[in-house]
Amino acid sequence: MTNAPRQNDASGRGITRRGLMLAGIQLGVVTTLALKLRSMQVEQAEQYRMLADGNSIKIRLLVPARGLIHDRNGIVIAGNEQNYRVTLTREEAGGDVEPVLHRLARLIPISDARMAELLDEFSKRSAITPIVLADRLTWEQFSSIAVNAPALAGVTPESGLSRVYPRGGDLAHVLGYVGPVSDYDLSKIENPDPVLMLPEFQLGKVGFEARMEEHLRGKAGQRRVEVNSAGREMRQLSRQEGEQGATVQMTIDAQLQNYAAQRMGQESAAAVVIDVQTGDIVTICSSPSFDPNKFVRGISSPDYKALMNHDHRPLADKTVQGVYPPGSTFKMVTLLAGLESGVINAGSRFYCPGYTTAGGRRFHCWRKGGHGTVDAVTSLSHSCDVYYYELAQKVGIDRIAAMARKLGLGQRHDLPMSAVAEGIAPDRAWKQARYGQAWQVGDSLNASIGQGYVLASPLQLAVMTARIASGLEVRPRLVRAIDGVAQPVPDFPALDVNPAFLRVARAGMDAVMNSDTGTARRSRIIREDWRMAGKTGTSQVRNITAAERARGVVSNDQLPWNRRDHALFVCFAPLDAPRYAVSVIVEHGGGGSTVASPIARDILLFALNGGLPPLDAVPGDQRDAMEERHNAMHLFAPDAPRLTRA
Amino acid sequence: MSYLDYTVAQTPTGIRKILYLNWPLVFLIAAVASIGFLMLVSVAGGKVDTWAEPQMYRFAAGMVIMIALAFVPMWFWRGISIPAYVTCVLLLVGVELVGTIGMGAQRWIDIGPIRLQPSELMKISQVLLLAAYYDWLPPHRVSRPLWVLIPVVLILAPTGLVLIQPDLGTSIMLVAGGGIVMFVAGVSLWYFGVVIAAAVGLVATVLESRGTDWQLLKDYQFRRIDTFLDPTADPLGAGYNIIQSQIALGSGGWSGRGFMQGTQSRLNFLPEKHTDFIFTVLAEEFGFVGAMSLLGLYTLIIGFCLYSALSNRDRFASLITVGISGTFFLYFSINMATVMGMLPAKGSPLPLVSYGGTSLMILMLGFGLVQAAHVHRPR
Numbered sequence: 001m002t003n004a005p006r007q008n009d010a011s012g013r014g015i016t017r018r019g020l021m022l023a024g025i026q027l028g029v030v031t032t033l034a035l036k037l038r039s040m041q042v043e044q045a046e047q048y049r050m051l052a053d054g055n056s057i058k059i060r061l062l063v064p065a066r067g068l069i070h071d072r073n074g075i076v077i078a079g080n081e082q083n084y085r086v087t088l089t090r091e092e093a094g095g096d097v098e099p100v101l102h103r104l105a106r107l108i109p110i111s112d113a114r115m116a117e118l119l120d121e122f123s124k125r126s127a128i129t130p131i132v133l134a135d136r137l138t139w140e141q142f143s144s145i146a147v148n149a150p151a152l153a154g155v156t157p158e159s160g161l162s163r164v165y166p167r168g169g170d171l172a173h174v175l176g177y178v179g180p181v182s183d184y185d186l187s188k189i190e191n192p193d194p195v196l197m198l199p200e201f202q203l204g205k206v207g208f209e210a211r212m213e214e215h216l217r218g219k220a221g222q223r224r225v226e227v228n229s230a231g232r233e234m235r236q237l238s239r240q241e242g243e244q245g246a247t248v249q250m251t252i253d254a255q256l257q258n259y260a261a262q263r264m265g266q267e268s269a270a271a272v273v274i275d276v277q278t279g280d281i282v283t284i285c286s287s288p289s290f291d292p293n294k295f296v297r298g299i300s301s302p303d304y305k306a307l308m309n310h311d312h313r314p315l316a317d318k319t320v321q322g323v324y325p326p327g328s329t330f331k332m333v334t335l336l337a338g339l340e341s342g343v344i345n346a347g348s349r350f351y352c353p354g355y356t357t358a359g360g361r362r363f364h365c366w367r368k369g370g371h372g373t374v375d376a377v378t379s380l381s382h383s384c385d386v387y388y389y390e391l392a393q394k395v396g397i398d399r400i401a402a403m404a405r406k407l408g409l410g411q412r413h414d415l416p417m418s419a420v421a422e423g424i425a426p427d428r429a430w431k432q433a434r435y436g437q438a439w440q441v442g443d444s445l446n447a448s449i450g451q452g453y454v455l456a457s458p459l460q461l462a463v464m465t466a467r468i469a470s471g472l473e474v475r476p477r478l479v480r481a482i483d484g485v486a487q488p489v490p491d492f493p494a495l496d497v498n499p500a501f502l503r504v505a506r507a508g509m510d511a512v513m514n515s516d517t518g519t520a521r522r523s524r525i526i527r528e529d530w531r532m533a534g535k536t537g538t539s540q541v542r543n544i545t546a547a548e549r550a551r552g553v554v555s556n557d558q559l560p561w562n563r564r565d566h567a568l569f570v571c572f573a574p575l576d577a578p579r580y581a582v583s584v585i586v587e588h589g590g591g592g593s594t595v596a597s598p599i600a601r602d603i604l605l606f607a608l609n610g611g612l613p614p615l616d617a618v619p620g621d622q623r624d625a626m627e628e629r630h631n632a633m634h635l636f637a638p639d640a641p642r643l644t645r646a
Numbered sequence: 001m002s003y004l005d006y007t008v009a010q011t012p013t014g015i016r017k018i019l020y021l022n023w024p025l026v027f028l029i030a031a032v033a034s035i036g037f038l039m040l041v042s043v044a045g046g047k048v049d050t051w052a053e054p055q056m057y058r059f060a061a062g063m064v065i066m067i068a069l070a071f072v073p074m075w076f077w078r079g080i081s082i083p084a085y086v087t088c089v090l091l092l093v094g095v096e097l098v099g100t101i102g103m104g105a106q107r108w109i110d111i112g113p114i115r116l117q118p119s120e121l122m123k124i125s126q127v128l129l130l131a132a133y134y135d136w137l138p139p140h141r142v143s144r145p146l147w148v149l150i151p152v153v154l155i156l157a158p159t160g161l162v163l164i165q166p167d168l169g170t171s172i173m174l175v176a177g178g179g180i181v182m183f184v185a186g187v188s189l190w191y192f193g194v195v196i197a198a199a200v201g202l203v204a205t206v207l208e209s210r211g212t213d214w215q216l217l218k219d220y221q222f223r224r225i226d227t228f229l230d231p232t233a234d235p236l237g238a239g240y241n242i243i244q245s246q247i248a249l250g251s252g253g254w255s256g257r258g259f260m261q262g263t264q265s266r267l268n269f270l271p272e273k274h275t276d277f278i279f280t281v282l283a284e285e286f287g288f289v290g291a292m293s294l295l296g297l298y299t300l301i302i303g304f305c306l307y308s309a310l311s312n313r314d315r316f317a318s319l320i321t322v323g324i325s326g327t328f329f330l331y332f333s334i335n336m337a338t339v340m341g342m343l344p345a346k347g348s349p350l351p352l353v354s355y356g357g358t359s360l361m362i363l364m365l366g367f368g369l370v371q372a373a374h375v376h377r378p379r
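Chains as they are written, first to last, in UniProt numbering: chain L, 1 to 646; chain W, 1 to 379.
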C-alpha cells in the first residue's frame, strides 16, 4: 500500500452509487424505528400507560375513623383514641431482626414468649411487610422509641385510632364492642368491604356497635402510592382521607345509666328506663358489667376466664337477652284481660282464703292466711294470688296471652342490640306446638301470676309498664339521631285497651306504692308531683314442695344465693302525667318489694330530677341511707367524661 | 497525487485545520451527548455526581481526542492500519488468555487504570484496514473471488475471536460493519445475497443445535431468543426486561411523563437504565417527541458523515467515514430496536448517551478519524 491517496472517477462514482444505496438502506431502518416508536408511543400509548400505572401505583386503603356514639345529651359514650404502636420491617432492619428486637426490649417490655412469637412471624412473612411489635404504648414509651429510632433500623413508630369506651362497663351490654376482624366474621359477610382486610380495622362485634356497623364504619380513604418493583413504597402520590362514620346519638342518658349501674352495684341485676311517650330507652343497664375496652385491646385469657366463671354472669345482657318469669308484675296483664273480656269489672270481688283448688291441686297465695275479700285495686296493692287464680279460670289463657301481647310481651322489640329475646306469652296453641300437650287449668293459674311458662325480659316489662302508663302502643327505640339528623319521634297509636280499664290498673299500681297496705309502700316517692305507681314481683326459681311448705316457707335469706327468688319491680311516674317507666330485676334478690323496688324508685327519681335523687322525695327514715349510698358512688361528672380504669 | 501534492495542495495545515473541522458534526455529537447527560441526571434521581458528571469528563476528554485526531493526516492512518489491526487481533487473543470474567463473558483487559475492551477497538481498526485494502485494490478487482475472500477472512478472524468470548452482539456488529465497507467499496451484490442466504442458514443451524452436544450458543443466549420471540412467556424472568422496557417506552406517549417523572424508570422496573436501557428512560420521560428528536439527531450525524464521505475524493477517507458512521448506525439502531422489542435483548449501549467509558472513547476515536478524513480531504 502506498501513502498516496487513490482517486479516480470510476471508483468515485462507484462509491457514490453504493453510498447512496447505503443511505437508502439506513434511512429505511430509521423509518422502521420511527414507525415502531409511533405505534408504541402514539397509537398504543393508552394501553402502555395503563400497564405502567398498574405496575407502579398501588392503592392503599386508609381505615376511616369510626363514627362516635353520643348519649342523648351529647356525651361521648363510644369514641376513638390515639393508639401508639411500633412496627418493624425486616428488609429495613437489614434482614436480621433479632438484634433490633433485643435493643427494643430495653425500651418496652417484650416477654420471651412474645419475642419467640415475633421471630416466628418474621420468618414467615415477607421481608417488606411491617409487623406490629407492640400496641397501645404509652406516650412515654412511644416517644422513647421515636427518639431512639436511629439505633432501631426498620422500626417505625405509628399512631392510629382505636375505639374507646369512656364510660367503661356502664354501657358495655348495650353498646357491645369492636374488635379485629376474624376469619369467622369474614365468612359471614358477602362481598366484604376491602377495608375489613386491614389489620388495624375494628369491626363491631356485638351489641349496638355490631347492629349499627353500616352507619358507624364510614368510608375508607385511599392513598395512591408508588411502589418499586419489589413492592416497597417509594412515595405517596395522593391521599384522600376517608369519611368518618356517622355520629349516632342514642336515646340513652349516660348519666342515668351511670347512676343505675352504680345503684345496682354488684347485684346480678338489670334495669330499663323508658320514656312512656316517645319509647326512648333512657337507660338499659345490666349488672355486673365488664370493661369493653379490654375486649377492644384483646382481653387476656385469665381476665376472660374470670368473666366466664363469675356466677353473676357479667357477660350476659340481662336486659334484653335474659328472660324471667315476671311474677306478680304480670298481674296487670291478667287483670286487664279480665276487665277487657267483661268477665269482671273494677268492683268485682273474690275471696282469698290463702289458697284455691283447681284441677285437683291446691294453689297457694303468697300470704298464708289469705287476703279476705279482694277487688281489682287491692288485688294489685296486696298482690293477692288467689284473686288471679280465680280470674284466670274465668278468663282463660288465650285472652290473657292476647293481652300480654298487646302490652308488648311475648314479642321481639327490634332494638339494635344483640340477641334480643322474644320471651313467652303462652297460650293453648303455644303449649301444643311446644310440648305437644294440652293446656291444663293449672297452667293458667301459674301464668296468671307470671309463673309457669310466662317469660319476659326486663325490656318487655318496661314496655308493658310504659303502655299501661301512657295508654299508647309504645315501641322502644335506641337511636335518637344519625349524623345529626333526628329520627322522627314516633306517633304511637292508642293502645287497643279500654282507657278506663287502664285507669283501674294504674290505680292498683298507685295503691301498691301509696296505700297504707301497699306491698311497696316503703319505696314510695313522697313528692306529690312525682307520685309513683308500681308493682312488685317475686319469681320462684324452684318449686316449693309440699314438705317444705309444711315446714313453713323458708326465708330467702337462708337459701344459697342461686336458689333465692328473683326480685322484680315495675313502676312509672308521675302518676297523673307519666314520663318514665322503669323495670328492675335483681336475680336471686329475694322479694321484689324489699330489693328491687328501692332500686327502681331511686333510678326513677334520678330520671325525674335529671340528677341525683333529692333526699326529700323519699320517706324520712330512708334519707340517711340514701345519702350514704350517694357518697359511696363513683359517678361521672356530666361534662367531663373521664377514662375508666384501663 | 503524490505526498507532496497532499501537503502543497489545498489542504489546510497546522492549527488552521481546526477551522476545517466538520463543525455541524461536532455540534450534533455534543447535542446527543448533552441529551445523554440529562438522562443520566434523571436516572440518578436528580443527582449529577452519580453518573452525569463522570460522563461529562469522559466526553470532554473524548472531544479533545477527536479534535486531536482530526489533525492527524490520512497517510498516517493508512500507515497504521495494518499494525493497528494486528495489535487488536493480538489483544483479542490476549483477552482469551488473561481476560477478566465480567458479565459472563471475557471482554476486557485491565492495563493499569485503563480497562481495555479490544473487541470495541477492533470495530475501528477493522474499518481502517478494510478502507486501506479497498483503497489499494484496483476497483476492477473488487469483485473477483480471491479479492473478496481476503477481506472476508480479515473480518471473520476477529469475529471468530469475539464469538468465542462469547459476545454474539459484537460479532454481528463486526460482520455488519465490515460488510458496510465492502458494500460501499463496490463488491458485487451477488456476494451479499450469498452471505445473507448463508446467514439465514447459519441461524437455522444454530437454532437446530439447541440441546445437542454441539450447541453453538450458551443457554442464556437461547433464552434471549426465546424471550424475544415471546416476551410474555416468562414475564418475571428473562422476558421481564423487555416487557418493562416496552411498558416504559409506550407509556411515555406523545410528550412523555416529564423530566424525572417516569414511573417505570424511577421505580426500578427498568433494568440497567443508565446503560443499555437509557433510551427507554428518554422515551418515557420525553415521549415520542423526545425519542424522535434523538433519532433525528442520530440520522443527521449519519447524514453529515455520508455527505462528507461521498464528497471526499480520497477513496480511503470515504471508506473510513462510511465504515465508522455505519458502525455508529449499527450501534444506535440495534440498541433502539432491542429496547422496543424488535431484536433479542443483548447488552448494547446507546452511542454517546449510555453511561460507560469504553464505547464513548471508541466512538470519539472513530469520529476523530471521520474528522481527519474531512479535514484532509483533497480540494
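Quick caveat, the hints were computed from the structure, so don't treat them as lab data.
Careful: at least some of the hints might be erroneous.
Here are some of the chain W residues that sit facing chain L, going by a computed Cβ distance under 7 Å [said to hold, decoys possible]:
id	residue
1	Phe-222
2	Leu-297
3	Thr-299
Residues from chain L that keep clear of chain W, each with C-beta distances beyond 12 Å, as calculated [as the list claims (entries may be wrong)]:
id	residue
4	Gly-19
5	Lys-36
6	Gln-44
7	Glu-117
8	Met-197
9	Leu-495
Keep in mind that this is a model prediction, so the values were computed, not measured.
Here a beta-carbon is modelled for each residue, glycine too, at the ideal position from N, C-alpha and C.
Here is what the structure says about each hint:
1. Phe-222: violated (25 Å)
2. Leu-297: Cβ of Leu-297(W) sits 11 Å from chain L, so the hint is violated.
3. Thr-299: holds (5 Å)
4. Gly-19: Gly-19(L) is in fact no farther than 12 Å from some Cβ atom of chain W, at 5 Å.
5. Lys-36: violated (5 Å)
6. Gln-44: violated (6 Å)
7. Glu-117: Fine: 33 Å to the nearest Cβ keeps Glu-117(L) off the interface.
8. Met-197: Since the minimum Cβ distance to chain W is about 24 Å, Met-197(L) lies beyond 12 Å and the statement holds.
9. Leu-495: Non-interface label on Leu-495(L) holds, nearest chain W Cβ at 70 Å vs cutoff 12 Å.
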